[in-house]
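K.L.:
So you can see what is in the structure, the chains are spelled out below.
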Amino acid sequence: MSDFSEELARPGSEDGQVETSVVSGTGMHFPWLWKHLDTVATRGKKKKDFAQTTGACLSLIQEALLKQRWQQAAEYMHSYLQTLEDSDSNKKQMAPEIIWKLGSEILFYHPKSSVKTFSAFADQMKNVGVLNYLKHALYLIHHGMLEDAHRNLSQAETWRYGEKSSSQETLINLVQAYKGLLEYYSWSKKKMELSQCDKDDYAYSTEARNTFRHSWKTSVNFSSLIKTPGVWDPFVKSYVEMLEFHGDRDGARKVLTNYAYDKKFPSNPNAHIYLYSFLKRVRAPRAELLRALQILYQIVPSHKLMLEFHTLLRRSDREEHRKLGLGVLFGLLDFAGCTKNITAWKYLASYLRQILMQNHLGWVQEEWKSRRNWWPTFHFSYFWAKSDWKEDKDLAYEKAFVAGMLLGKGCRYFRYILKQDHQDLWKKIKRMKKSVKKYSIVKPAA
Amino acid sequence: MDFPSSLPPSLFMTGPLGSSDVPDLSFMCSWRDALTLPESPPQNCKIAAPNSATALLWEPSMPGPLPLLPPCPDPWDPGVTAQDLLFRGGFHYRRQPQVVLDVTEQLSRFLWDHGDIAFAPLGKMMLENFKLEGGRNRSKKMTVVSAKKLLQDLGGHQPWGCPWAYLSHRLRRFSIVGGPVLGKSVSHLLGRLLHEELATRWEQLLLDEAFTGGALAWLPGRTSQVGQLVYPAGGALDRLCFQEVSLPSGGDPQVLGDPGCIQLQGPVRQVVTSTVQGETLLAVRSDYHCAVWKVGKQRRPATLQVLRVEKGATGISLSPHLPGELAVCSRSGAVCLWTPQNGLQQVYKDPETLVFRDPSSWRWADFTAHPRVLTVGDRTGVKMVDTQGPPGCGLLLFRAGAEASCQKGERVLLTQYLRQSDPESLPPTLHLVCTQFSLYLVDERLPLVPMLKWNHGLPSPALLAHLLPPAHPGSPQPLFLGGLGGQVQLLHITGKEPSAPRLAGPPQSLPSSADSLSAFPLLEPKSQKQLQERLEAPTIGLASAFPPCASTPAVWLFQLSAAGDIFYQRLTLQAASSFHRDEEPPSDPGPDSPAPSVPPMDPRPTPSWTSQATACCSRWLEALLQVPPAAPVWAAPTFSHRRLLGRLEPREVEGKVLQGLRAAMAGGQLLQQRDLGLLPSAEPPPAPEPGPQDELSERLEEAWAGQGTAWCKRQQGKISISEPGKQAKRPKRRSQLSSTFSSLTSCLDLPETSSSPHSLERTTSEARLQPPVTPYSQESARQTPQDNMVELPLPKDTPTSRHVATPPSQASSVQAMPSQRSTPGSWPQRKRPRMGF
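First to last, the protein sequences are chains A and B. If you use this note's numbering, the first sequence corresponds to residues 1 to 446, in order. If you use this note's numbering, the second sequence corresponds to residues 447 to 1283, in order.
Hints listed in this document are in silico derivations from the structure and should not be mistaken for laboratory results. Treat the hints with care, since some could be wrong.
With a straight-line cut-off of 30 Å between C-alpha atoms, the simulated BS3-like cross-links for lysine-lysine are [claimed, not checked]:
id, chain 1, residue 1, chain 2, residue 2
1, A, K386, B, K743
2, A, K340, B, K942
3, A, K126, A, K116
4, B, K757, B, K740
5, A, K35, B, K972
6, B, K854, A, K101
7, B, K1102, A, K67
8, B, K1159, A, K263
9, A, K340, A, K393
10, B, K854, A, K92
11, B, K854, A, K264
12, B, K854, A, K48
13, A, K340, A, K264
14, B, K942, A, K390
15, B, K854, A, K263
16, A, K254, A, K190
17, B, K795, B, K854
18, A, K443, A, K386
19, A, K48, B, K975
20, A, K280, A, K369
21, A, K340, B, K854
22, A, K35, B, K975
23, B, K975, B, K1159
24, B, K795, A, K386
25, B, K795, A, K369
26, A, K386, B, K975
27, A, K428, A, K438
28, A, K190, A, K280
29, B, K795, A, K393
30, A, K390, B, K854
31, A, K390, B, K743
32, B, K975, A, K126
33, A, K340, A, K263
34, A, K280, B, K757
35, A, K280, A, K264
36, B, K975, A, K67
37, B, K1159, A, K35
38, A, K189, B, K795
39, B, K743, A, K419
Owing to the predicted nature of the structure, the values given are computational and were not obtained by experimental measurement.
Use the sequences and the hints to build the structure in full.
P.N.:
Structure representation (structure tokens):
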């Protein structure tokens, strides 16, 4: 076990840090450096007995945790509490955090622990920080105690320590967002109940509307956090759902657009997926849908929405869109996880045929140029011909069609499938042979 | 492919690593991921995550790994330690450690040990200024000095702490006289070189990156129960071995036949295998070479190509998509795509590191879900590079910085593409990034934001990782993370397509080979130390076999140590029912309450050694003890000028003493006075005379001479006859001590060989242990293109090995030795720890 306390000490105390890297000059930190130094330290001041026993106890706890011996860990933990008496002020300061981290871990898994135990422990450790409240709340949510969790988060909202820093503000925002999420839960539960109820009952619906309005007010909790760069998928999703329900489409669109296009945010595919599904829900014009998907195509060309993108492009009137439609299919099939996607192969086979019939040989050749040297082994090897035929005959047929189109009828994959005698596919294979002969981009040497 | 519909919330901040203002939302707890917020109200999905989490436990069947093969017949030496390199004096326990290289001591040792190298050139240069023979200086030249006279003049000057004081007490003053001339040039040049070397060694001790990725691989066979282990063997790790192993579902793995071997000309650092479209390839990385073999249907490897990497290769990986495609990276910063048919294609080259400037020349490359996109990694980050795009451009996949809330001083140690063949497993877009502190899972579709972060806390560099397919369809996938120090952690990772990858339960640690020490019989201190060193040798390879078994899923984990030993352990997935969370109200109100007085009752019984296991260990130990100690590469310097100075011839008796001492040291035996024949009556031994009935000293003496077992047996016989009343008369403390010892004797199960003559046993054991080279491997060895290989120095030749003892042959050439009696102070006061006393 690494010296946990040393690890935690690092961000705070950087005074002597340079000394470790004098030798290597890399600035790299080695958690196992102490182990080497301990073997060398024969003279000089020894570690105090107190520090030695607490250190040993800590490593025993960590070992017990990793061996999943919760009972043992809890008993060591009991002894470890002596670290709170450490005369080293730095260690003393760090102790509650370590105790909280290890203690919550033990209590989460310990067979005899309960929500009550955990809460009692968490309440005593409240001074550790805001994240403590959040973790406690998550634990409570996990055990289905939403109201307690909500109370906990409300307490955390007012948490202040020292100067108000930006990170503290972010954390408070985060706490608020989680609170908002809890409110969203009760809201959506009510919504579900309402949808099941008799809508004519006036009194009920008024009450429900009131609750809605209330939770709607508090759901503003989300808005401050989702302006901070980060991945806030659950928050954005629920926020948008609530906004939409209250008819604030513009607000929802603004939130989603900001989440998807703000440069400070990571390029989260979900942001674009949410935006696209929102646009689809509000029946946005096709150009807008295409724009949303085009960005997704640039980030994740392997996403299953690319098939939808392809169909949209295929139906487009503009030639460049139809050309891109081919590229999207090729791009999707480049990925290892998509090689057995029969829909993609079906689309490619039919689209290739359609394009070649329309005399757009150039488009195909352009896409094929960069794939010519590896697609044959990646997709159309003899091995795949055999295994595809064995596993999925339809897939083998579609792939053989594409192979024939791209590599000519001499291709091994194509020949292997052609050779197979299959009653159901017989007609299809014959048709395929004809098409390949007519449209293949590889003309047999005359 | 589908993308996780909702990712766990995380802050995204750009900036350098160690910005303390960034709150790390990963909370450093294993259950955080179990709490990923459900999207629908949690009432209906109040999942029993703790239950399912606790149920995930791969229980080792033994308390520690067991040796699979007989020990490597070549001696192994643990190499330099921190004690050899660092300054030992004045180290204080401060909050931040201070590392000072002990150049002074190393330099002085070097001058003593390798005086010939250090001073011979100078001596040669000054040869014409010295006259070694003859009485008076008859030369007219003023620049020629008589060495004899000089030495005589210097006589009586007492140097401090020099082990060859009897040689150099005269030279000492000469060195003072000649110091200004001699000292500077030698110490300056040597000091600089030595400091450089020590710094390199220290860095290597802190992080030995050569074995990144691991040098052990498992090749699955035709049936799921049989496979091949591919590993380097031999003291220099330069023999690539293919050992067929069968894994019966119940018992221990069985080694089938002798391993096939391919002799290489350099140490093997990394072994990777990959089966793509039914074709199995095996790639090996050495320091300056990479080679790829094709493993045929009969499991016979055929060389495809050998590549020489001028600047040194740091990583090799095989493509999981296209058969026969490899990625190779070199210290120059270049990454190449290598196909044996088409040769090399340089994909990326940048001598600078990716994110910020780091002096390390370590580079790594692996594949991604797109067969034409590679990842390029160094200590500061990982980048995705399109091999078909314009050179140099790409997208950063991982950045050691605030994005992943990295700590200060955090660096990438290993990156690995988690290839997936099963559609029922994790998405094929995940990459593993390991640093000294944490493990990250990064999805290439969402760069820079880690999907999962776990603070592994391994006490050694995590250079080995291995992801296994799920035990059952849909169950979490075990990920082994191995540290160089032998620690292995097992993480359970789950997350099929629509959900983000997360930990499915608390990670567990697996026993390391050092934990197996208890399975071995107790030994004499010297052998015990040898065994312990051997078991604690760094782990340089990790492989696992996962024979699909219907009843209880089991994993075989193999570990290769730097000493060339392979250890195995079997892990079985525990049945979920055996430890369900108790539903009863808790009686224990938490850690703040006083600990219960009842001893801890863990629900699981601890595994214990079976008699088979201990027998296996004893057999292995027997073979290990017959391995000769590492041959010394160093010889004591000889000063033959004394032969020229006729007057200083030593007396014969002293020569005999010296010879006896040298012989005893070479044999590692105790030198007793009776061995030397005559006793100097004038000098009684300083130690208090042991009484005739002092059993302890007698026993220690016997044990030291290697006769411990015989003594025990003799003594046991004696004790059974003697009356108990007599024993009670002895001093209390001593009897207590001996009773502890005698209680030990009952469990002492020393192999017979420790007392038997060494030479005969050794030769036979060597013949037995040397794996006979199978015919096919000889062929393949011949097939190795010799012209592509250049001769690489074996590690034996490099000064890695420690100086152990003086060989008797060298000792005999030293003829002079002052009497111990006449100059008692001249005997080295300081014990040299390396000498083996």
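K.L.:
Against each hint, give a clear statement of whether it holds in the structure.
P.N.:
So, going through the hints one by one against the coordinates:
| no. | hint | verdict |
| --- | --- | --- |
| 1 | K386(A) - K743(B) | holds, 18 Å |
| 2 | K340(A) - K942(B) | holds, 17 Å |
| 3 | K126(A) - K116(A) | holds, 15 Å |
| 4 | K757(B) - K740(B) | holds, 26 Å |
| 5 | K35(A) - K972(B) | holds, 23 Å |
| 6 | K854(B) - K101(A) | holds, 21 Å |
| 7 | K1102(B) - K67(A) | violated, 59 Å |
| 8 | K1159(B) - K263(A) | violated, 81 Å |
| 9 | K340(A) - K393(A) | holds, 12 Å |
| 10 | K854(B) - K92(A) | holds, 22 Å |
| 11 | K854(B) - K264(A) | holds, 23 Å |
| 12 | K854(B) - K48(A) | holds, 28 Å |
| 13 | K340(A) - K264(A) | violated, 36 Å |
| 14 | K942(B) - K390(A) | holds, 26 Å |
| 15 | K854(B) - K263(A) | holds, 26 Å |
| 16 | K254(A) - K190(A) | holds, 26 Å |
| 17 | K795(B) - K854(B) | holds, 27 Å |
| 18 | K443(A) - K386(A) | holds, 25 Å |
| 19 | K48(A) - K975(B) | holds, 28 Å |
| 20 | K280(A) - K369(A) | violated, 35 Å |
| 21 | K340(A) - K854(B) | violated, 44 Å |
| 22 | K35(A) - K975(B) | holds, 19 Å |
| 23 | K975(B) - K1159(B) | holds, 24 Å |
| 24 | K795(B) - K386(A) | violated, 39 Å |
| 25 | K795(B) - K369(A) | holds, 25 Å |
| 26 | K386(A) - K975(B) | violated, 58 Å |
| 27 | K428(A) - K438(A) | holds, 15 Å |
| 28 | K190(A) - K280(A) | holds, 26 Å |
| 29 | K795(B) - K393(A) | violated, 44 Å |
| 30 | K390(A) - K854(B) | violated, 54 Å |
| 31 | K390(A) - K743(B) | holds, 21 Å |
| 32 | K975(B) - K126(A) | violated, 49 Å |
| 33 | K340(A) - K263(A) | violated, 35 Å |
| 34 | K280(A) - K757(B) | violated, 56 Å |
| 35 | K280(A) - K264(A) | holds, 26 Å |
| 36 | K975(B) - K67(A) | holds, 27 Å |
| 37 | K1159(B) - K35(A) | violated, 41 Å |
| 38 | K189(A) - K795(B) | violated, 56 Å |
| 39 | K743(B) - K419(A) | holds, 26 Å |
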